[in-house]
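There are 2 protein chains.
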Amino acid sequence: MATLWKSRYAQRTQRMGRSIIRELLKFTAQPDLISFAGGLPAPELFPTERCQEAACRLLSEHGAQALQYGASEGFPPLRQFICDQMSRYGIYAQPDNVVITSGSQQALDAIGKLLINPGDRILIEEPTYLGALQAWNAYQADYIPVPIDDDGLCTDKLEPALRSGPKFMYVLPNFQNPGGTTLALSRRHDVVALSNRYGIPIVEDDPYGALRFTGEHLPPLVALDANLQATVGLNGHGYMEGNVIYLGTFSKTLAPGLRLGWMVAPVEVIDQVVMAKQGMDLHTSTFTQMLAYEMVKDGFLDDHIRLIRKVYGERRQVMLDALQRYFPEGCSWTRPDGGLFLWARVPDWMDTADMLQEAVRFKVAYVPGFAFYSDPNRGRNTMRLNFSCEQPEKIEEGIRRLGKMLEQHMADHLPKVVAVPATVPG
Amino acid sequence: MATLWKSRYAQRTQRMGRSIIRELLKFTAQPDLISFAGGLPAPELFPTERCQEAACRLLSEHGAQALQYGASEGFPPLRQFICDQMSRYGIYAQPDNVVITSGSQQALDAIGKLLINPGDRILIEEPTYLGALQAWNAYQADYIPVPIDDDGLCTDKLEPALRSGPKFMYVLPNFQNPGGTTLALSRRHDVVALSNRYGIPIVEDDPYGALRFTGEHLPPLVALDANLQATVGLNGHGYMEGNVIYLGTFSKTLAPGLRLGWMVAPVEVIDQVVMAKQGMDLHTSTFTQMLAYEMVKDGFLDDHIRLIRKVYGERRQVMLDALQRYFPEGCSWTRPDGGLFLWARVPDWMDTADMLQEAVRFKVAYVPGFAFYSDPNRGRNTMRLNFSCEQPEKIEEGIRRLGKMLEQHMADHLPKVVAVPATVPG
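Heads up: the protein sequence lines correspond to chains H and L, in order. Take 1 as the starting number for the first sequence in my numbering and just add one per residue. Take 1 as the starting number for the second sequence in my numbering and just add one per residue.
No false leads were mixed into what you were given.
Identical copies carry no separate label here, and so any pair may be met within one copy or between two of them.
When the alpha-carbon atoms are kept at most 20 Å apart in a straight line, the in silico EDC-like pairs for lysine to aspartate or glutamate are as follows: (1) K157 / E126; (2) K6 / D271; (3) K6 / D120.
Just so you know, these hints were derived from the structure itself, not from any lab.
The shape of chain H in the complex, shown without the other chains (with noise of 0.2 Å):
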């Protein structure tokens, strides 16, 4: 009888797949592998003892409304955190501007649900967040790709993609997943200024931005926006009534296991979302909800971003000189100011999908590029590398094992320079 159910979701699922990736990654579950393939945050600095206290606290105080349903726009205290938090950032959200996500996964689905019919057309960046194509192709998306270099989306390639007519563009301004690459001030202007010019809006997903190591703080697409409304008058109705949904995490700050995130965008949004996030899981977890306002409400937050941050800039650090040392010539690598990740290039005739296998052989994972192309013929020459989540050490001997097969792998496959026979003369 499951052929019953296969016949009904064929044509749906053919889109959502990517297991390929699943696949891959399964090779990669070996207890003296150094992975540098997930996406996590690092174990060892989870808040636990904070989470504890404020678990007691919640339960003997508020245990009954910290169980029962909620309203599904979230918690409100919750919401209020959050805009005073964003205000630092130049963001002056309101409540009414703010609703909780189950992780920012959750909001770029029900940006999906709100936005995308089938065929529609979704400016991206290339490479981009593999997890945002995993939602959006339900919907049948289809993808406008526009590359990133070291200063992140090239805007001097964005005015043919947005003639096209994507229903928005998809931009990660900050460290970008997988790029680590951070989109430059200059072009952060460009961006909102053809969003306007063209009258396409923006999705701006910012998971890592509070975790910067290095330089200054860029203003967010949607601070920049907002001023621009200002500016030409537009905005006659408080500040969020712009172009551009901001979204935002706890799980790079506090823990991912909470499945907490939020979107910031005009009321008028908000509400369409809260209406379509009524369907989708009525609202998330009051309980996570409640324990996390319990945990920052009273400064925490910002001390214990420092801590990642000092600890993150330190692995990244690590990561950037391993690779220098260990990394054969022909390679190069992003230098990444902040988040969790870094991405490496190879020479172009290698695939690093294939050599998984061989990386593995020498215990060392990462995941091949091509996972973040809407295009999986692309980006066969490239791979993203975790360097939260395993200690300095670690990272460094993964590194070296990894240049290595790169090394053994050139040495066995290095096209020949063939000699060009010279041509008879006819």
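Place chain L on chain H using the hints.
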């Protein structure tokens, strides 16, 4: 600029709406009002102490795991626990047949994502669970309603509906929301036989099955279907290969604020749902999953369910007695054997949506029945009454107020029996 967004989602959200219910129920947020409108479990029964102990222990012993990302299919020991629990109800599933969802609302959304294309028709009970309609409206489903009576879905009306080719049928066999009705055993066999004859799968939603106050437990459709598959030799690969997706939840037995439900289905279906769930929210909170497991793993759930049954059973009886005492002639209601709700009918000419404001003046509230119909012009003389969430003396008093309101309304509005004038002979 918000108009820009509006133009982008307009066609979608017309169908997601149903905000009329939210608007109606806004009236009911008054401290001295007795509300039968919610669908809330009794908060005084929440196992807050047990939850507190479990949270402390969990964070001491497995804090890093509980706060980290987890598998999309859910926490394995919890899936095993669910299998053990369900086997008592004749459902012999393996953990591979189970995916943990963020409440069973998310399972409904996942089903929509997997199975519903715009214009697909879903066979539903009439009335049915509002949240399912909300979830599936977003996928632009159409509906084929089949009425229920005191024995649940009217299976004698099922065949013509199945012949018109629904994608699947959606059935709540136990203490239906909103009807409070239970599908009779012979009808369960009919539903399963017809499902197999016409090749139309079943989505069986069973949030209240464990909360039976009176009568004998009846086998779930998924168990009857598995038996039938085995009998006719269709099931060669184990028990869970059938025609039914079964949905369960901890919302009514532990606490809704945790947002924990589950889906049981053939492995092939589960694999697809897990893929979809990655795009929806990556996974349900590791923390709440491990917390629930920590709460129930030593056999606490049975005792706790016994307590809930006892309390809700008493409240149901108080409501039934009060209805008998205070509701005017011409009204009728169901006598649920379990669950949280009963369903009342007033005379045909009355409109419960129109009357809600009157009821609020009498300091009592309910959900107008039309909300549970795919066609809001139907069920206008019905209402859903929740008996789980108010104390017995409040239930008695609330029904007294509601009866008084109905009497008053009848006296003010009863269509006069107009004497038909004798026709003048020609």
